[in-house]
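Protein chains in written order, with the numbering used here: chain A, 1 to 293; chain B, 1001 to 1784.
Some hints could be false.
[To be verified] Sample of chain A residues at the chain B side, in silico, Cβ under 10 Å:
1. A179
2. D193
3. I260
4. F263
[What the hints assert, rightly or not] Straight-line C-alpha distance at most 35 Å; calculated DSBU-like pairs for lysine-lysine:
5. K1783/B to K190/A
6. K1386/B to K5/A
7. K43/A to K1430/B
8. K1784/B to K1179/B
9. K44/A to K1783/B
These are computed hints drawn from the structure, not numbers from a lab.
As the structure is a computational prediction, the values presented were derived from the model and not from experiment.
C-beta: ideal position from N, C-alpha, C; glycine also.
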Amino acid sequence: MILPKFEFHEPTSISDACELMARHRGEARLLAGGTDLLVNMKKKVLNPKRLVSLGRIPELTQVERSNGTLWIGAGATVSAIAASAMVARDASALGLGARALGTPLIRNLATIGGNIGSARPAADLPPALIVYGAVLVLRSVAGERRLPIGEFFKGPGLTAAHEDELIAAVVIQVPAGYAGAGYLNLGVRKAQDCNIVNVASYLELDGRAEVIRAARVALGSVGPTPLRSPSAEAVLIGQKPTEALFDLAADAAQRDCMPILDFRGSAEYRRDMVGVLARRTLTMALAEARSRN
Amino acid sequence: MSDYQVINSRLPRLDAPAKATGRAVFIDDMSFPGMLHAALLQSPLPHAHIVRIDTSKAERLPGVKAVITAKDAGLVRYGVSPARYDETVFCHDRVRYVGDEIAAVAAVDAETAEEAVGLIQVDYEELPAVLTIEAAMAEGAPQLHVEFPRNLSAEVHQEFGNAADALKASDLVKTTTFKNKRQDGAFLEPPGCIAVFDLDGRLTLHSSTQAPHYVQRTVAMVLGLPVGKVRVVKPYVGGGFGIKAAANTGELAACLLARKTGKPVKFNYSREQVFMLCRARHQFVHRMTTGVKKDGTLLALQHECYLDGGAYSSFGIATVYYAGSLLGGPYKLPNMKYDGWRVYTNKPTCGAQRGHGGVAARAAWEQQLDMIAEELGMDPIDLRLKNMMQAGDVTCNDLNMSSLGMRECIEAVRNSSDWASKKGRLPKGKGIGMACGFFVSGAGYPIYRSDTYHCTATVKLAEDGGTVQVYSASAEIGQGSDTAFGMIAAETLGVPLDSVRVMSGDTDFGVDLGAYSSRQTLMTGHAVKEAAEAAKRQVLDALAEELKVPAADMDIREGRIVFKNGPVDFSGIRNRYIKEHRGWSDSPQEDFLTFREASRIAYLAKGTIVGTGKYKPPLLGGKFKGAAVGTSPAYGCSAQVVEVDVDLETGRIVIEKMTDAHDCGRAINRTSVEAQMEGSLAMGMGEALFEEVKFDDRGRVINCDLAEYKLVTALDMPPVEAIIVESDEPNGPFGAKEVGEGAIMPTIPAILNAVYDATGLRIHELPLTSERVQAALKAARAKK
Chain A
1 MILPKFEFHE
11 PTSISDACEL
21 MARHRGEARL
31 LAGGTDLLVN
41 MKKKVLNPKR
51 LVSLGRIPEL
61 TQVERSNGTL
71 WIGAGATVSA
81 IAASAMVARD
91 ASALGLGARA
101 LGTPLIRNLA
111 TIGGNIGSAR
121 PAADLPPALI
131 VYGAVLVLRS
141 VAGERRLPIG
151 EFFKGPGLTA
161 AHEDELIAAV
171 VIQVPAGYAG
181 AGYLNLGVRK
191 AQDCNIVNVA
201 SYLELDGRAE
211 VIRAARVALG
221 SVGPTPLRSP
231 SAEAVLIGQK
241 PTEALFDLAA
251 DAAQRDCMPI
261 LDFRGSAEYR
271 RDMVGVLARR
281 TLTMALAEAR
291 SRN
Chain B
1001 MSDYQVINSR
1011 LPRLDAPAKA
1021 TGRAVFIDDM
1031 SFPGMLHAAL
1041 LQSPLPHAHI
1051 VRIDTSKAER
1061 LPGVKAVITA
1071 KDAGLVRYGV
1081 SPARYDETVF
1091 CHDRVRYVGD
1101 EIAAVAAVDA
1111 ETAEEAVGLI
1121 QVDYEELPAV
1131 LTIEAAMAEG
1141 APQLHVEFPR
1151 NLSAEVHQEF
1161 GNAADALKAS
1171 DLVKTTTFKN
1181 KRQDGAFLEP
1191 PGCIAVFDLD
1201 GRLTLHSSTQ
1211 APHYVQRTVA
1221 MVLGLPVGKV
1231 RVVKPYVGGG
1241 FGIKAAANTG
1251 ELAACLLARK
1261 TGKPVKFNYS
1271 REQVFMLCRA
1281 RHQFVHRMTT
1291 GVKKDGTLLA
1301 LQHECYLDGG
1311 AYSSFGIATV
1321 YYAGSLLGGP
1331 YKLPNMKYDG
1341 WRVYTNKPTC
1351 GAQRGHGGVA
1361 ARAAWEQQLD
1371 MIAEELGMDP
1381 IDLRLKNMMQ
1391 AGDVTCNDLN
1401 MSSLGMRECI
1411 EAVRNSSDWA
1421 SKKGRLPKGK
1431 GIGMACGFFV
1441 SGAGYPIYRS
1451 DTYHCTATVK
1461 LAEDGGTVQV
1471 YSASAEIGQG
1481 SDTAFGMIAA
1491 ETLGVPLDSV
1501 RVMSGDTDFG
1511 VDLGAYSSRQ
1521 TLMTGHAVKE
1531 AAEAAKRQVL
1541 DALAEELKVP
1551 AADMDIREGR
1561 IVFKNGPVDF
1571 SGIRNRYIKE
1581 HRGWSDSPQE
1591 DFLTFREASR
1601 IAYLAKGTIV
1611 GTGKYKPPLL
1621 GGKFKGAAVG
1631 TSPAYGCSAQ
1641 VVEVDVDLET
1651 GRIVIEKMTD
1661 AHDCGRAINR
1671 TSVEAQMEGS
1681 LAMGMGEALF
1691 EEVKFDDRGR
1701 VINCDLAEYK
1711 LVTALDMPPV
1721 EAIIVESDEP
1731 NGPFGAKEVG
1741 EGAIMPTIPA
1751 ILNAVYDATG
1761 LRIHELPLTS
1771 ERVQAALKAA
1781 RAKK
């Protein structure tokens, strides 16, 4: 397992990085933490001629909150997100996803942009980002565009980003009062795992009346991309949150998933676990919504 | 506290500073001037004829120094047990698994060597493959080795007493079938080596190995060299667990390439190649029928076992014997019938791994004993205590329990885990379970038939006095054996550990069969003790002449000479010593005669003081075929209690606590004993819950890395209470016996029994993944 040879670029600004990606369109790949890319290069799954490192671009690592918006630079490491009090308060499910990812060593290298950009169906961060309705800020020499994260994933390793585009940031509208979310993942062991199923749920209540105004459920590892569960959301919206309602939503989520059988788990088990994790994350989301009034 | 000055304490490991600071040198850190790097060409097919091998392109690649195949290596057959030498360095006519070695390249760097391997062209004629025990044993199945028909690598048929009659006489008869999965050794450091030929044609092989002696013999045999011209040296080793206990193809290929090129050649296994080398735990299928009387008295065990061996034999003959023989104890079992079959399949070769052959068998049986206890309305601990052997008992298959602290172990875990208030009283989803086990303290016989000593040791006193040098060919592989032998030498000679220097792992230092079968503390420990006693005797004899005091009236303790009958005037010796060290600032000022002065005086009187020691067990075991496997001068034993929390929806098991008591005879270093217990528990827990080497239908390992092959992580590991029990083994040095493997025996069944307590489900297949447990829970709900 030897890393193949490649040209290495280390731009120090986003615009320089965009410039390099445009100039070497088709033969360059972006290197963030490298926890996925370098492994695949060693395995000869990928063999890019050039790597454009994002490691020396300070503007990519900002995490800040202004005007009800959480701005997370794509270069923020997973450990920074896991440790961020701001994330824990405003996007707790994202913080849980960050803490569930890999090991301390992996988390210190891996970035949120890389976790999104590599587009692995079992990735730990996308489900929470999807239920928070996160928007991706994409940059290229052509300029900036914004894309809801739900429209970004196209298949395993495939995204809506253009060849020369990079993810600059992830923007989350901080949920209002009476809103909450939950994230759970299930693998084989407690750490350093590839998820068998991972689920995030988000609930927004209509004030003290406790009617569900908005609901989003995202399912990981049970399709070619992380999936929204429109059936579960339809079951929830407009209803009062009860255990029985969450059971119905969990059943609906099971109908929306399309798990495959592989050596990590059977389709049947994955489908069963979608139900369990959907119900449990809805319960977490409700508890947080009630606590955040 | 004990009367010992050094052993039985908690001393820091001798290798701790080097390892903590990263200075310890492993094979990957080593290099030699002009060193070449080797790469192996391995079969991509599980079973095929080799039609043609064309190495010409590879040879022409710039930087390539040699390409070798079976033509260069020859077809010397080797293996572990001479009765099953079924491997050659390279395949010449047929490949038998994905990973079977065909050729090797030496080049100026690893990249070039890898590239050259890709340029070797092999034409195959693919053959049908057998990937399971069932397929391999089926009528008309493709055969792997013409000389071993029906794909049988080995079979065992033994009966002690009359099991069938005893089962008829039993009040309760229970039959279960149990299956584990193929494991990987998963040591931190993949095997690797550097072969260096000197200009006189002598070979030095530096290798990450558990058994320098066996590697030395195999290399000599395969290369056609006198054993005396082959030296094997072991640097620091990052674990072995049994897999590194025999010569591997990488070592043989590096030696052949070094001979051909005249340059040092290095070869490192990649992690992926470790899975193809395998030599780890077999998959076993056990079918056991046990008969008991109403009062719980065990009457008989009828036992059949099938092993998925992979393509070659490795340690497999011993494995198939151990799978039966290690159920002879620790319970009184008058009748035992065992039939075992080890089957060749087109997969990487399985061999020995911690708890060799006995782990799955123990898991199957200890779970069955719990089922029997429940049906009889007995507490599982009471059933075990009722049938427990005592020190001095001999099993029906002639294993002598010369010491057995089994009862003390059970009492210890019962009390420490608060068993009485938990068993059967925990809420649904929570469970507690226990099990017992035992293991050899060193195989009673070497792997090749021989009257050789199993180990020799030399203790030399540095000529300037004061420092004790211990030499043995034993293998420190991370388990702490160097420290144990340093402590044994220090205790014996009566000096602090600080005065002892330990050198090991070099075949130039003597004979030692190596670090396997939990043999070194007892066996090498004996040899070191005998060598230290010999050195001490010489010092005291020299002093006796010098001081005109009988040697019997003197002793050495804590670095000082003790005169048993009152003070003796030693000023003459002191003056001589001080005169020899004029100008030195550290002349002895103590009001007693120091060991440093005494050993110097001994040297001046007699020349270099060297004591030698040796050990081999007495003739052990019965007369029946295979009686040797399972014999040992002593047996360690243990009991464990495990507490689990099972998520009844996801099936996920979280182990909350493990309480383990192990009888190691006498702890040489208490901290090391506890570490071995904890390591055994972690490995057993991994096999119970997570670990499984998985194959696709083309015989390729799917999960050949440590991301997808799931070991226990630090987060999964529960708090462990490790309790040391000391039974003072009469056949052990200072009463010591094994701890390295026995402690794994009860882990899996204790988990199985705890999961039953939590869920009401008996699961007879490993690993207990969340999915397997959830499926069982779901099936049980559907039945209701």
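Hint check:
Look at A179/A: its Cβ only gets to about 26 Å from chain B, farther than 10 Å, so that hint breaks. Residue-level restraint check for D193/A holds (minimum Cβ-Cβ distance to chain B is 7 Å; threshold 10 Å). Evaluation of the I260/A hint against chain B yields a violated restraint, the C-beta minimum of about 14 Å exceeding 10 Å. Of the supplied interface hints, the one on F263/A holds, with its beta-carbon coming within about 5 Å of a beta-carbon of chain B, less than 10 Å.
Taken as a hint, the K1783/B and K190/A pair is honoured in the structure, with Cα atoms around 31 Å apart against an allowance of 35 Å. Between K1386/B and K5/A the alpha-carbon distance is near 67 Å, which puts this suggested pair outside the 35 Å criterion. Of the supplied pair hints, the one linking K43/A and K1430/B is violated, its CA atoms being roughly 42 Å apart against a limit of 35 Å. Proposed proximity of K1784/B and K1179/B is supported: the alpha carbons are some 26 Å apart, at most 35 Å.
With a CA separation close to 49 Å, the supplied pair K44/A and K1783/B exceeds the 35 Å bound.
Checked against the numbered hints given earlier, the structure breaks hints 1, 3, 6, 7, 9 and satisfies all the rest.
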